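Chains as they are written, first to last, in our numbering: chain A, 0 to 435; chain B, 12 to 148; chain C, 24 to 246.
These are computed hints drawn from the structure, not numbers from a lab.
Note that this is a predicted model, so its numbers are computed, not measured.
A hint or two may mislead.
Stated by the list, open to error - On the chain B side, residues computed to face chain C include the following (Cβ under 10 angstroms):
hint	residue
1	THR37
2	LEU40
3	LYS41
4	VAL90
5	GLN136
6	GLY141
7	LEU144
What the hints assert, rightly or not - Capping the alpha-carbon separation at 27 angstroms, the derived lysine-lysine pairs in BS3-like fashion look like this:
hint	chain 1	residue 1	chain 2	residue 2
8	C	LYS245	C	LYS210
9	B	LYS100	C	LYS81
10	C	LYS225	B	LYS93
In this text, a Cβ means the ideal position worked out from N, Cα and C, and glycines have one as well.
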Amino acid sequence: MYRTVYKSKTAAPAPINLKPEVLIMGGGIVGMTVARELAREGVQVVIAEKGETLGGGARDLHFFYDRPADVQKWMGDLISTLEGEGNIHVLKGAKLKRLDGQLGRFQALVRTSDGMERTLSPSAVVVATGCITRPAEAMSDGSRCIGSSEMEKLLAESRDLPLTWKGQPVKTVTFILDLTNDDIKIHTVNAIKQAVILREKGCQVAVVARDLKVSASGIELLYRQAREKGVLFFKYDEPPVVSHTGDGISVEISDMTVLRKEERETVSLLSDLVIIGETFAADPETLELCRVMKLRAGTGGVLMEDNPQFLRVMSNRRGIFLAGGCRFPQVITESLSEAHAVVQEVKALLRGGVYTPVNPVAEVDPPKCAVCYTCVRLCPHAAIGVERYGDRNIYSAPAEKNGDTLWGAARVDPAACFGCGICVAECPARAITLYQ
Amino acid sequence: MSTFEPKIVAFCCEQSGLPALEMAKTLKLKMPDNLELVPVPCSGRIETLYLLKALESGADGVVVFACYEENCQYLQGNVRLKSRVGYAKQIMTKIGLEGERLEIFHVATNSGVKFSEFLMQKADQLRLLGPNLGKIA
Amino acid sequence: MIKAEQKPFEEILEYLAPYNKILLSGCGACVTVCHAGGEKEGALLASALRMARQKIGKPLEILESTPARQCEPEFAQELSDTIGRVQAILSVSCGVGVQTLARHFPATQIFPGVNTTFLGETVAHGVWEERCQACGDCILEKTAGICPIARCAKQLLNGPCGGSSNGKCEIKRETDCAWQLIYDRSKSLGQLHRLTEIIPAKQWGVQSRDSGPRRIVREDLKV
């Protein structure tokens with residue numbers, strides 16, 4: 000025997016009009032790729048970049064691991080494509096001050112460094128704000144121990160020449176991985192990629208790692224290539240000891256190929272340079288962005304995707320998508336796959352120009368609402384608002400007044416509601432009903 | 012007393028409990044005779060009042076089939092449910108109803124066997140416990 | 024707003040013992056907001072009471088009603104027809120609502136279902152704290168917007184007592200010292216000089232309820 004908790008409603012939910020306008024937060028490679036693809040489809044795109052230049056974290060990269068192209072040249076081409084594209088508008092020095100409304104009636108207030116404020120009304124927002132890098136602790140004294148991005152720069156500067164560092168020739172290089180960010184594969188990928196280039200320049204190369212992480216497309220192949228070219232790989236479990244010798248730097252690890260711990264000997268690798276992967280961390284501004292956009296923050300202050308069982312580019316709010324390093328630091332190829340996934344999702348959402356709710360939708364009976372904000376606080380999808388009170392609130396900038404945004408009670412936005420019914424169950428006035 | 016067949020009201024989250032039920036049916040697994048099923052879009056939809064009302068209007072036991080924690084399609088649903096079940100149990104203690112009459116059981120969509128086993132065990136447990144004296148038949 | 028919490032269940036059961044048909048009246052305002060006596064909490068209490076009474080073989084019939092605000096006479100008036108059908112009223116509104124019903128239904132026994140606790144604000148979902156004691160003579164302009172009457176255990180008007188340590192109160196260690204808060208906030212506002220002004224002792228007998236219940240009359244509004 001079945002009972003049902005849904006109430007049926009005869010009137011179909013009103014479709015919500017969606018203009019082909021998209022706001023992209025962040026002008027890194029992910030933001031730019033999404034912008035280019037969407038603009039090609041005729042979508043009006045605004046990129047809000049917090050800095051004064053486009054490119055983001057990829058400005059530190061010069062080599063792809065999976066193709067011979069130069070990252071900077073590729074990015075330069077991408078930027079000039081964007082500049083020639085009439086559908087794309089770039090705001091530099093931009094900060095999102097407010098994001099009101101829901102899918103179909105988002106109102107974004109963006110302030111740029113020139114003091115100008117613009118109100119945008121995008122149908123979808125893509126967050127691609129990336130992450131930040133910090134120098135690893137071991138690099139603090141700056142002698143013969145450098146970061147991966149500095150190595151990248153050295154390699155790019157000495158294309159066909161022998162490698163030099165501070166005017167001295169570099170013959171032997173040791174990479175130490177997994178000192179920080181033990182859970183990401185960027186360090187493995189960068190180290191193997193750079194090791195192969197160094198071997199081609201005739202350098203002796205060793206890679207010291209806790210665990211090599213090869214779970215990105217083509218990395219196993221690259222690893223094999225590095226082995227064939229004579230790159231040495233060592234595994235450690237106790238962190239390596241780095242010490243300066245007369246004219247070099249030595250890395251000592253315990254030889255883990257011997258199974259019995261007490262029989263292990265210390266292997267000392269003497270090099271001209273030691274390369275350490277920088278620490279990748281969430282941008283501290285992400286938390287503020289989460290607050291403004293009502294998005295979920297995950298551990299460590301990254302942006303949290305919606306239920307991990309679904310597409311990882313979906314946020315907890317309908318119409319807001321996440322891609323790239325703001326979710327999790329990852330290699331360029333994977334960030335770009337996410338960018339393409341977002342493009343597909345945005346195109347699917349905007350197709351037809353309307354959104355019609357398909358799931359059950361909660362509805363508040365305004366006369367019963369006590370405006371206690373219980374539902375507003377507990378909705379996991381930030382789909383409920385009490386906008387009339389927000390509008391009256393003298394502490395916030397007055398929103399544009401129109402009948403549609405003046406409510407005297409909580410209101411579930413049908414476009415943003417996922418139909419879970421949490422609000423229905425929490426409402427102390429029993430003022431909310433879930434309609435099928 | 013030997014003829015007492017406890018009535019169980021089972022709330023089933025449509026993301027996990029309901030598919031598990033369908034699987035149990037497909038496998039023709041044993042189910043308690045006196046069972047009422049209430050599908051809900053998410054276990055977060057279940058009000059504390061539903062749990063009490065079920066007991067008041069005739070259930071000897073109430074079971075909620077919800078998704079595993081941190082696995083809710085709506086992120087917070089089963090977390091909210093957990094605190095509501097806690098609140099309902101506090102009220103039941105005040106009334107003098109046994110805590111065993113209300114339980115959350117986490118299932119995955121493919122847990123048909125667990126679904127049926129849990130209900131059969133619950134029915135046995137309730138049979139020993141005897142009828143819910145608070146119900147208004 | 025007014026904050027309240029439900030009375031112990033046994034207490035309610037005890038005073039309802041002589042009756043077998045009652046009206047449970049909630050309130051759609053303050054007690055709904057603090058999850059103590061709105062439609063849902065009322066229904067939960069009603070369900071629990073029915074089961075508890077059924078269990079001891081003395082069924083209790085409960086009619087439920089939740090007006091938008093129990094403290095207005097018009098809402099009370101709407102209950103007139105129902106009152107004749109019950110032996111007693113259990114009101115889960117604040118003490119004001121209980122008395123509004125008591126004034127309107129002189130012949131019906133009425134019981135409170137909640138303890139009206141304080142005037143407070145929501146500090147987090149599910150957490151409320153006292154902020155105002157309705158003393159009748161607001162001094163918040165002198166104390167950086169933090170009330171020492173409501174938030175200092177000793178209601179000190181001119182600085183903390185010697186029991187303030189590490190910003191906490193000696194009476195309740197988990198509570199912030201109101202005067203620490205006042206000092207910190209005044210300092211960050213650059214208004215420390217305001218604290219040098221002596222706040223005179225309160226005239227409790229004039230503005231506050233020491234001389235009996237207070238009354239506000241607006242002649243212009245009277246009809």
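Evaluated hints:
Violation of the interface hint for THR37 (chain B) is found here, the shortest Cβ-Cβ separation to chain C being roughly 36 angstroms, above the 10 angstroms cut-off. With a cut of 10 angstroms, the hint placing LEU40 (chain B) at the interface with chain C is violated, because the nearest CB-to-CB distance is about 32 angstroms. Restraint check, LYS41 (chain B) versus chain C: the minimum CB separation of about 30 angstroms is more than 10 angstroms; hint violated. Hint status for VAL90 (chain B): violated, given a least beta-carbon distance of 13 angstroms to chain C, over 10 angstroms.
This hint is violated: GLN136 (chain B) has a C-beta 19 angstroms from the nearest C-beta of chain C, more than the 10 angstroms allowed. For GLY141 (chain B), the interface hint is violated, since its Cβ never comes within 10 angstroms of a Cβ in chain C; the closest pair sits about 12 angstroms apart. A least Cβ separation of about 5 angstroms between LEU144 (chain B) and chain C falls short of the 10 angstroms threshold, and the interface hint therefore holds. A hinted pair counts as satisfied when its Cα atoms are at most 27 angstroms apart, and LYS245 (chain C) with LYS210 (chain C) does not qualify at roughly 45 angstroms.
Taking the CA atoms of LYS100 (chain B) and LYS81 (chain C), the gap is near 23 angstroms; set against the 27 angstroms cutoff, the hint holds. Between LYS225 (chain C) and LYS93 (chain B), the direct Cα distance comes to roughly 48 angstroms. Violation of the 27 angstroms bound is thereby established for this hinted pair.
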